[in-house]
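In the order they appear, the protein sequences are chains A, B, C and D. Just so we're aligned: the first sequence equals residues 131 to 327 in the working numbering. Just so we're aligned: the second sequence equals residues 131 to 327 in the working numbering. Just so we're aligned: the third sequence equals residues 131 to 327 in the working numbering. Just so we're aligned: the fourth sequence equals residues 131 to 327 in the working numbering.
One thing to keep in mind: the hints can contain errors.
The list treats identical chains as one, so a pair stands whether inside a single copy or across any two.
To be verified - Under the rule of at most 16 Å between Cα atoms (straight-line distance), these lysine to aspartate or glutamate pairs were calculated in the EDC-like manner:
1. Lys260 <-> Glu169
2. Lys306 <-> Asp233
3. Lys201 <-> Asp144
4. Lys259 <-> Glu225
5. Lys228 <-> Asp297
6. Lys177 <-> Glu254
7. Lys259 <-> Asp291
8. Lys177 <-> Glu313
9. Lys201 <-> Asp233
10. Lys228 <-> Asp283
11. Lys326 <-> Glu302
12. Lys177 <-> Glu320
13. Lys221 <-> Asp283
14. Lys260 <-> Asp205
15. Lys201 <-> Asp232
Read the hints as simulated data drawn from the structure, not as lab findings. Quick caveat, the model's predicted, so the values are computed rather than measured.
Protein chains: 4
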Amino acid sequence: MEKPSEDLHGNAPDNSSVVLLLVDVINDLEFVGGEILVEHALPAASKIATLKERLRSAGVPAIYVNDNFGKWRSDFRHLVAHCLDDDTRGKPIVEILKPQPDDYFVLKPKQSGFYSTTLDLLLEYLGAKKLILAGLTGDICILFTAIDAHMRDYQLILPNDCIVSQDMNENERVLKYMERVLEAEVKPAEQIDFAKL
Amino acid sequence: MEKPSEDLHGNAPDNSSVVLLLVDVINDLEFVGGEILVEHALPAASKIATLKERLRSAGVPAIYVNDNFGKWRSDFRHLVAHCLDDDTRGKPIVEILKPQPDDYFVLKPKQSGFYSTTLDLLLEYLGAKKLILAGLTGDICILFTAIDAHMRDYQLILPNDCIVSQDMNENERVLKYMERVLEAEVKPAEQIDFAKL
Amino acid sequence: MEKPSEDLHGNAPDNSSVVLLLVDVINDLEFVGGEILVEHALPAASKIATLKERLRSAGVPAIYVNDNFGKWRSDFRHLVAHCLDDDTRGKPIVEILKPQPDDYFVLKPKQSGFYSTTLDLLLEYLGAKKLILAGLTGDICILFTAIDAHMRDYQLILPNDCIVSQDMNENERVLKYMERVLEAEVKPAEQIDFAKL
Amino acid sequence: MEKPSEDLHGNAPDNSSVVLLLVDVINDLEFVGGEILVEHALPAASKIATLKERLRSAGVPAIYVNDNFGKWRSDFRHLVAHCLDDDTRGKPIVEILKPQPDDYFVLKPKQSGFYSTTLDLLLEYLGAKKLILAGLTGDICILFTAIDAHMRDYQLILPNDCIVSQDMNENERVLKYMERVLEAEVKPAEQIDFAKL
Chain A
131 MEKPSEDLHG NAPDNSSVVL LLVDVINDLE FVGGEILVEH ALPAASKIAT
181 LKERLRSAGV PAIYVNDNFG KWRSDFRHLV AHCLDDDTRG KPIVEILKPQ
231 PDDYFVLKPK QSGFYSTTLD LLLEYLGAKK LILAGLTGDI CILFTAIDAH
281 MRDYQLILPN DCIVSQDMNE NERVLKYMER VLEAEVKPAE QIDFAKL
Chain B
131 MEKPSEDLHG NAPDNSSVVL LLVDVINDLE FVGGEILVEH ALPAASKIAT
181 LKERLRSAGV PAIYVNDNFG KWRSDFRHLV AHCLDDDTRG KPIVEILKPQ
231 PDDYFVLKPK QSGFYSTTLD LLLEYLGAKK LILAGLTGDI CILFTAIDAH
281 MRDYQLILPN DCIVSQDMNE NERVLKYMER VLEAEVKPAE QIDFAKL
Chain C
131 MEKPSEDLHG NAPDNSSVVL LLVDVINDLE FVGGEILVEH ALPAASKIAT
181 LKERLRSAGV PAIYVNDNFG KWRSDFRHLV AHCLDDDTRG KPIVEILKPQ
231 PDDYFVLKPK QSGFYSTTLD LLLEYLGAKK LILAGLTGDI CILFTAIDAH
281 MRDYQLILPN DCIVSQDMNE NERVLKYMER VLEAEVKPAE QIDFAKL
Chain D
131 MEKPSEDLHG NAPDNSSVVL LLVDVINDLE FVGGEILVEH ALPAASKIAT
181 LKERLRSAGV PAIYVNDNFG KWRSDFRHLV AHCLDDDTRG KPIVEILKPQ
231 PDDYFVLKPK QSGFYSTTLD LLLEYLGAKK LILAGLTGDI CILFTAIDAH
281 MRDYQLILPN DCIVSQDMNE NERVLKYMER VLEAEVKPAE QIDFAKL
């Protein structure tokens, strides 16, 4: 359409060099292995919620980077409603991490949040340089997203108590990998020094 | 997250070699020049609605490819509601072209529907080879989207009574340009031969 | 491979907010219509060479953004050699615009210099904000590249005596289009005010 | 430029559902750790050369997907010459794996062969469905490239005697990871059943 003003194409209202990415936390977990994953994800969800609040107070925006679950027609709010209303395995996690009105969201069709989505452009408009990644699973969607972020020169902070996988040993190995190869800062959420961000 | 099955990453339920793209029809038109554009867009909206119904009967899916209007937090259904409920200039058009439950939608941050969106991947999963473009404006978002489609080897069909711009002479020139350079088929909607699609 | 140091992945030695893009000037012009195009391109080539020299003195790098002509195996220097040694229609133009050792080059498989190439990343590493586009043809590869540059928020400067098409009336119309829609600065090369770049 | 014929934009002469990607084999290895890597890479180079010959006989094309080593001005043949002529650590490997005239090549600015390159489009034009990855290093550039290939729905074959890293234990772990998560077929080169490809 006609470009009436700068507002209509691509501007984001916020500006922040640090951004929190919440990966696949809006999730019904209704798949094989979901019953194990939920046990790891539930305590992490509380840690993530605390981190999100601290970051919000510090003016750091959050982006829900979430699977579209093959449902290209649905939207994000529909996904939230499905997890809550249909009494799914993921319900207690979604209750803890329910998006607030000023959160952003990006639906991803594949594992990496950057592949075939608008995430990179949104981060550019936000002025992001450092990304804090939290959510599930550490060994797949977090890893794929972190690799893509690293190639785009974002610095990575990985709160290891906010990232889970079905196999927590593999989760640990992949966190070490990301520390070594992606130069990610890996530490518990409460040790993230906001003054230095 | 864990990849429980093929369903969760990228599959689309439909399969169709022809796809209808509705560009920026969900639009409040509340910008300078919008009062002129609405006069061209309203009769076109009826033609588009008729075309969309014919295509639906033939099993051709429709994708709303729509500006996010700088509001990265909003979703598509919210955008539809805003146009309808806030009594905007675009309301009569949106009433005619209100999305149906099985329509797809892609929010674009810039003029081309392919830039920084998942459109290309969705079209690939649908098996699309030919794209019918309709909406506004012919000389900007339709042109940009058509150029990107051409570079990706999609064949283009442009129903010229379903594409409008603020300046209809420029609209005409750009349609001719797309016919010449992008090898687009340009003709009134009712002359599109569905048997040959 | 192992990442031994920052040097190996993506660093560019230069830094410049202005960059000159030379579009499809290394061209044998051995196609239908090439005999007309060469007549428009030859005088423009001299203007481009002068502009390139002035920009070089001012520290502005040049990137040859050039068709690979469907020959994915060839490289850029091979293409230059072909145009010169095989006594092609494009030879006099290539002689005038022969690349120098410190010029960059990007081979593009399609019309836009940004599509399926590394151009955007190279420009980011160079720190480019403004692009000066010169070459051929104005109504196709220059237009497609300019549209993609505009969506990526680059400012555009189009020296109209350095841009040619087969049909020079169409060339003129497309330059006006880019002035209106892409907010490009269109003027003769010698009127580009280097102090203000 | 003008589009004279279909030949000039994007066509590739070959057609093959299987393609061999040689990752970072043209490499001077002149970096910290290169002296260890060369010991693992040299025996692998012979295996890769044998595999490449077998595949060539079967009509499977090879693409050198290689770091540009931060030298955006250089081209691939220049890189080959540097490794050979400057008596680098990588010389014996490059001698074994010297590209032949009908090999393709893609220079990548970062670790993944798909990021900011034309690889995906080239593979599409070749009609590739299955990719055989060989080269270095397994735990970085091969992994990043394999992840991107998997998201693009390519099937992966990883000849484990043709893939090396500085730390061969980590190489082994990453191969297992790719088998599990990317559904890659991991086996010695000579066990790849060409009849079933």
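Taking each numbered hint in turn, which are not upheld by the structure, reported in ascending numerical order? When the structure is compared with the hints, numbers 1, 2, 4, 5, 6, 7, 8, 10, 11, 13 and 14 turn out to be violated.
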